[in-house]
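Position 124 (the sequence shown) corresponds to 124 in UniProt numbering; numbering is contiguous.
For the record, the hints were derived by calculation from the structure and aren't laboratory data. Since the model is a prediction, treat every value here as computed from it, not as a measurement. The C-beta atom is built at its ideal place from N, Cα and C for all residues, glycine as well. Misleading hints may appear alongside valid ones.
Unchecked claim - In the BS3-like style, the derived pairs of lysine-lysine whose C-alpha atoms are separated by at most 25 Å in a straight line are:
id, residue 1, residue 2
1, Lys11, Lys187
2, Lys94, Lys11
3, Lys206, Lys243
Said to hold, decoys possible - Derived DEER-like restraints, expressed as beta-carbon distance ranges:
id, residue 1, residue 2, range
4, Glu29, Asn148, 42 to 48 Å
5, Arg57, Asn148, 45 to 51 Å
6, Gln78, Val151, 14 to 20 Å
7, Arg144, Thr122, 28 to 34 Å
8, Asn148, Glu56, 45 to 51 Å
9, Leu263, Tyr162, 32 to 38 Å
10, Lys206, Arg247, 22 to 28 Å
11, Gly189, Asp252, 34 to 40 Å
12, Leu201, Gln113, 29 to 35 Å
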Amino acid sequence: MADVIRVPNAKIALSTASVYPERTPDAFELAARLGYDGVEIMVGADPVSQDIDVIERLSDHYQVPVLAIHAPCLLVTQRVWGRDPWAKLVRARKAAERLGASTVVVHPPFRWQRDYARDFETGLARMREETDVTFAVENMFPLRARNNDVVPYSPDWNPIDYDFPQVTLDLSHTAVSGSDAMEMATKLGDRLAHLHLADGLGVTNKDEHLVPGRGNQPCAQILERLAGSGYTGLVVLEINTRKAASRSERIDDLAEALAFARLHLAASA
Numbered sequence: 001m002a003d004v005i006r007v008p009n010a011k012i013a014l015s016t017a018s019v020y021p022e023r024t025p026d027a028f029e030l031a032a033r034l035g036y037d038g039v040e041i042m043v044g045a046d047p048v049s050q051d052i053d054v055i056e057r058l059s060d061h062y063q064v065p066v067l068a069i070h071a072p073c074l075l076v077t078q079r080v081w082g083r084d085p086w087a088k089l090v091r092a093r094k095a096a097e098r099l100g101a102s103t104v105v106v107h108p109p110f111r112w113q114r115d116y117a118r119d120f121e122t123g124l125a126r127m128r129e130e131t132d133v134t135f136a137v138e139n140m141f142p143l144r145a146r147n148n149d150v151v152p153y154s155p156d157w158n159p160i161d162y163d164f165p166q167v168t169l170d171l172s173h174t175a176v177s178g179s180d181a182m183e184m185a186t187k188l189g190d191r192l193a194h195l196h197l198a199d200g201l202g203v204t205n206k207d208e209h210l211v212p213g214r215g216n217q218p219c220a221q222i223l224e225r226l227a228g229s230g231y232t233g234l235v236v237l238e239i240n241t242r243k244a245a246s247r248s249e250r251i252d253d254l255a256e257a258l259a260f261a262r263l264h265l266a267a268s269a
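Construct all of the structure, not just a fragment, from the sequences and the given hints.
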């Protein structure tokens, strides 16, 4: 009997961060044009990314659903949606519920956020009891300084060994940390609820977010493994196109990334 190609129900979304320095509305336009299944909103400095009323109108206009919300957890977004990290997560959850998004992506706390870090695991557990929205904690990476690893996150940059039922695996971050992405995916098993698909070469302290296939991460193998296991989470293209020489080149990169994901997110049964 000939092999049967099995394609999982996982949807492929475009992170709005992938179009920077273009803005959130441009991400909706390009996701619609290229055939992405939806978008992940990176809540950041762009005022539109913070305004759920406008996001809702963009989603309706382009007929592109919002599939995930990335809470403002970066250093550069410390004041976006206020300074209270729990209030940010509540706001991200409410945005996800209103927009019909299934997932909120959250980073581990910074070490200096002591109260937040101390209650992070139990606080997320309480929030999960209040909603059907998934909180997927993302793997980050240590920084290298004078041949020593500096970990700015608490309890750690790597959420895999902690009691988080859902985790986001970011393949650019595995490159920076020098992690074995396939081993991490294996250890996570069903806890792998969200994939940030990007590539990297493992340059020290550089989070590259290359188009998948342009680095040394096992992007294809991860997708094929997920396809074989019937993965139902999201695959989000979170790539860096800021150095694109033109809009046409940026569109080509986004199209190439989507084609890569669709090609490998299928398994022979």
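Hint check results:
{"no.": "1", "hint": "Lys11 x Lys187", "result": "holds (23 Å)"}
{"no.": "2", "hint": "Lys94 x Lys11", "result": "holds (22 Å)"}
{"no.": "3", "hint": "Lys206 x Lys243", "result": "holds (15 Å)"}
{"no.": "4", "hint": "Glu29 x Asn148: 42 to 48 Å", "result": "holds (45 Å)"}
{"no.": "5", "hint": "Arg57 x Asn148: 45 to 51 Å", "result": "holds (48 Å)"}
{"no.": "6", "hint": "Gln78 x Val151: 14 to 20 Å", "result": "holds (18 Å)"}
{"no.": "7", "hint": "Arg144 x Thr122: 28 to 34 Å", "result": "holds (32 Å)"}
{"no.": "8", "hint": "Asn148 x Glu56: 45 to 51 Å", "result": "holds (46 Å)"}
{"no.": "9", "hint": "Leu263 x Tyr162: 32 to 38 Å", "result": "holds (33 Å)"}
{"no.": "10", "hint": "Lys206 x Arg247: 22 to 28 Å", "result": "holds (25 Å)"}
{"no.": "11", "hint": "Gly189 x Asp252: 34 to 40 Å", "result": "holds (36 Å)"}
{"no.": "12", "hint": "Leu201 x Gln113: 29 to 35 Å", "result": "holds (31 Å)"}
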